[in-house]
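In the working numbering, each residue carries its 1-based index in the sequence shown increased by 1.
It is possible that part of the hints are untrue.
Unchecked claim - SDA-like mimics (lysine to any residue), calculated; alpha carbons at most 25 Å apart, straight line: (1) K270 with T70; (2) K277 with D266; (3) K369 with L454; (4) K591 with G149; (5) K489 with N172; (6) K239 with G589; (7) K239 with W577; (8) K369 with P503; (9) K277 with A416; (10) K239 with T263; (11) K369 with P513; (12) K147 with Q252; (13) K147 with G191; (14) K369 with P518; (15) K591 with S161; (16) K437 with D465; (17) K306 with G177; (18) K299 with D52; (19) K30 with K277; (20) K30 with A336; (21) K30 with L335; (22) K437 with R29; (23) K239 with C582; (24) K277 with A354; (25) K306 with R61; (26) K369 with S466; (27) K277 with Y162; (28) K369 with A354; (29) K299 with W321; (30) K591 with V261; (31) K325 with E262; (32) K30 with A132; (33) K147 with G159; (34) K306 with V175; (35) K369 with G149; (36) K124 with Q157; (37) K124 with K147; (38) K306 with P296; (39) K369 with T53; (40) K325 with R392.
Keep in mind that the hints were calculated from the coordinates and are not lab data.
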Amino acid sequence: MRSLLLAHLLLPLLLVACRDVTEKKVDRKPNFVLMMVDDLGIGDVGCYGNDTVRTPNIDRLASEGVKLTQHIAAAPLCTPSRAAFVTGRYALRSGLASAGSVQVLLFLGGSGGLPSTETTFAKRLQLSGYATGLVGKWHLGVNCEKRGDHCHHPNQHGFSYFYGLPFTLFNDCVPGEGSDIMEGIQHTLGNLTVMLGVGLLSLVCVRVCGLLEVRLGLLVALVLLSTLTAAVWYIPFKHLRTWNCILMRNQEVIEQPMTVETLPDRLLKEAQNFIKRNVDHPFLLFFSLAHIHTPLFKTPAFAGKSRHGRYGDNLEEVDWMIGKITETVDSLGLANNTLMYFTSDHGGHIEDADSTIGQKGGWNGIYKGGKAMGGWEGGIRVPGIFRWPGRLAAGRVVDEPTSLMDLYPTLKYLAEDTQPDRQSDGFNLMPLLEGKVERSDHEFMFHYCGIYLNAVRWHPAGTDSVFKAHFFTPNFSPPGAGGCYDTKICLCHGGHVTHHNPPLLFDLSRDPSESRPLTPDAEPRYAEILEQTTGAVRRHRDTLAKRQLSEGPPPLAQAQRVRSQMTLDRILWRPWLQPCCGTFPFCGCKEDTAGI
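Using the sequences and the accompanying hints, generate a full structural model.
Written as structure tokens, this is what we have:
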């Protein structure tokens, strides 16, 4: 009897407790897994039309979620595109757009990077109680004034945990693959060093043999000049593998130079472990793959397995890694509360090929151009896939213009972050993804090549048309080619481009490959397109010119105009800024992988 009475008393309490636990589980904020591939072409993926490379895991994400067919990167190169992605703003606003030939950060020992005044989606989610992690590539700077200040580091931009490459994977990381960094300047400095050395040796011989009177002061000056030139050439450029190819865990350098062969497996395990560690509370994981930038990996399990050489092997390895991340999310019972996102930072590098390996860059499908080619679709139209079972309808396809910058406001919305923020260039995608609206909020989108406004697209209300106006286009080489094969990469300024007045106009809805420019005779809206795009550019430039202040509390209430991070003095290598394990310049260490 006493037991029955006790049960009657405890039952309501247990029901209330269970209800509270259930409600907490239901009300828990969603998790976010963002997966970005480096240099992946939209035509490389099966669900975007490729039937010769196997990408079943990426295709599965699309079949179980929403596929965007007009998903646009804010820039056609790594540094500016990634800056725009994490901030939701064009790179010009954060000072990470270049006026010259160098359009990406080149040295970890430079002082340029994402300014501390900028706000990333990771920082916003961190303030909302999320565990935030970045595994993989950063490429937005490390130090400002001294080694170890870490002013540009991911930890300072909202990522509580960082494991990966503070720079990027590039050819200098693998001996025998050549160099990506200022190759022309390297040759010039090397030749100058040799000439000065030969000249100095000749003058010494002449003096010793008594053929001519050579002043000692001249020899001393030549010795100093030769030593300086050799140092400027040899120290920064001949040790690039040590300076740039490093791994960090948070703010500690754990491997220098990094062992590239085991990198994919280590990055994958770190990403999986981050998800497992944070299974009980909301998390953001940005899995920024080192693939598929050159040098291409030679992982034995995938070598020779594809129909497209080493590039195809790497692409199928990427798909396998995406599958393992999806498997981890699903096996932990997180699928219904996790938004998964797959994309690329920009289009494939079509000029990257050699006679030994063949094509080393991606395929951009029917779209013209590629990496570094300004506003041509091939360089900025990228895969965009969202999966969220129970929230997003499976198999939905959205053809509306969307942007990588839309992730920032989308994540803020889903994290219930309603705090004031600064100027944003993206829009919340959830109404479009969920089918609550049919049209994108992007009436206009602006396409930059460095600091230069290259093109603008207009999606008029009430129509399916998407018009694009090109103000200039890169000069392909050799003439008649589809890319800049002579220089290996296109440039945005001076004699490297052709300006168009009036602009070249295309209707992407009828001509997605941008092969048939519109004319006044054939397009009834020709004058209207020019008028609308001109007005949109003027209004957009007004937002760049104004010294706008955020309405939010510090550190958000900062002036939005910032110093350029891409000037030569901020890009070039400075010894006192170089991350190093050990005593500089004797940097070197290997990661202890026993516990991984």
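Checked hints:
1. As the CA atoms of K270 and T70 are separated by approximately 31 Å, the hinted pair breaks the 25 Å bound.
2. For the hint pairing K277 with D266, the CA-to-CA distance comes to about 17 Å; that is within 25 Å, so the pair holds.
3. A hinted pair counts as satisfied when its Cα atoms are at most 25 Å apart, and K369 with L454 qualifies at roughly 18 Å.
4. Note on K591 and G149: the hinted pairing holds, with a Cα-Cα distance of about 19 Å set against a maximum of 25 Å.
5. For the hint linking K489 to N172, the alpha-carbon distance of about 14 Å falls within 25 Å, and the restraint holds.
6. For the given pair, K239 sits about 15 Å from G589 by alpha-carbon distance, which is consistent with the 25 Å threshold.
7. For the proposed pair K239 and W577, the alpha carbon gap of about 18 Å is at most 25 Å, so the pair holds.
8. Restraint check for K369 and P503: satisfied, since their Cα atoms lie roughly 20 Å apart, inside the 25 Å limit.
9. The suggested pairing of K277 with A416 holds, with an alpha-carbon distance near 20 Å, which does not exceed 25 Å.
10. For the given pair, K239 sits about 24 Å from T263 by alpha-carbon distance, which is consistent with the 25 Å threshold.
11. The straight-line distance between the Cα atoms of K369 and P513 is roughly 9 Å, inside the 25 Å bound, and the hint therefore holds.
12. Among the hinted pairs, K147 with Q252 is consistent with the structure: their alpha-carbon atoms are about 14 Å apart, no more than 25 Å.
13. The straight-line distance between the Cα atoms of K147 and G191 is roughly 29 Å, outside the 25 Å bound, and the hint therefore fails.
14. For the given pair, K369 sits about 13 Å from P518 by alpha-carbon distance, which is consistent with the 25 Å threshold.
15. The straight-line distance between the Cα atoms of K591 and S161 is roughly 23 Å, inside the 25 Å bound, and the hint therefore holds.
16. Restraint check: the Cα-Cα separation between K437 and D465 comes to about 18 Å, which is no more than 25 Å; the hinted pair holds.
17. Under the criterion of a C-alpha separation no larger than 25 Å, the hint pairing K306 with G177 is consistent with the structure, at around 24 Å.
18. Restraint check: the Cα-Cα separation between K299 and D52 comes to about 23 Å, which is no more than 25 Å; the hinted pair holds.
19. Proximity of K30 to K277 is assessed by CA-CA distance (about 17 Å); at most 25 Å being required, the pair is judged to hold.
20. Taken as a hint, the K30 and A336 pair is honoured in the structure, with Cα atoms around 13 Å apart against an allowance of 25 Å.
21. Taking the CA atoms of K30 and L335, the gap is near 12 Å; set against the 25 Å cutoff, the hint holds.
22. Only pairs whose Cα atoms come within 25 Å are accepted, and K437 paired with R29 is accepted, the gap being roughly 23 Å.
23. Note on K239 and C582: the hinted pairing holds, with a Cα-Cα distance of about 19 Å set against a maximum of 25 Å.
24. At most 25 Å may separate the alpha-carbon atoms for a hinted pair to count; K277 and A354 exceed this at roughly 39 Å.
25. At most 25 Å may separate the alpha-carbon atoms for a hinted pair to count; K306 and R61 meet this at roughly 21 Å.
26. With a C-alpha separation of about 19 Å, the suggested pair K369 and S466 falls inside the 25 Å cut-off, and the hint holds.
27. Proximity of K277 to Y162 is assessed by CA-CA distance (about 14 Å); at most 25 Å being required, the pair is judged to hold.
28. Between the alpha carbons of K369 and A354 the distance comes to roughly 18 Å, so the proposed pair stays at or under 25 Å and holds.
29. The straight-line distance between the Cα atoms of K299 and W321 is roughly 15 Å, inside the 25 Å bound, and the hint therefore holds.
30. For the suggested pair K591 and V261, the alpha carbons sit about 12 Å apart, so the restraint of at most 25 Å is met.
31. The straight-line distance between the Cα atoms of K325 and E262 is roughly 19 Å, inside the 25 Å bound, and the hint therefore holds.
32. Taking the CA atoms of K30 and A132, the gap is about 12 Å. The hint holds against a cut of 25 Å.
33. Proximity of K147 to G159 is assessed by CA-CA distance (about 21 Å); at most 25 Å being required, the pair is judged to hold.
34. For the suggested pair K306 and V175, the alpha carbons sit about 22 Å apart, so the restraint of at most 25 Å is met.
35. Restraint check for K369 and G149: the C-alpha separation of about 43 Å exceeds 25 Å, so the hint is violated.
36. With a CA separation close to 9 Å, the supplied pair K124 and Q157 stays within the 25 Å bound.
37. Among the hinted pairs, K124 with K147 is consistent with the structure: their alpha-carbon atoms are about 24 Å apart, no more than 25 Å.
38. Only pairs whose Cα atoms come within 25 Å are accepted, and K306 paired with P296 is accepted, the gap being roughly 18 Å.
39. Proximity of K369 to T53 is assessed by CA-CA distance (about 20 Å); at most 25 Å being required, the pair is judged to hold.
40. With a C-alpha separation of about 22 Å, the suggested pairing of K325 with R392 holds against the 25 Å cut-off.
Violated hints, listed in ascending order, are 1, 13, 24, 35; each of the other numbered hints is respected by the structure.
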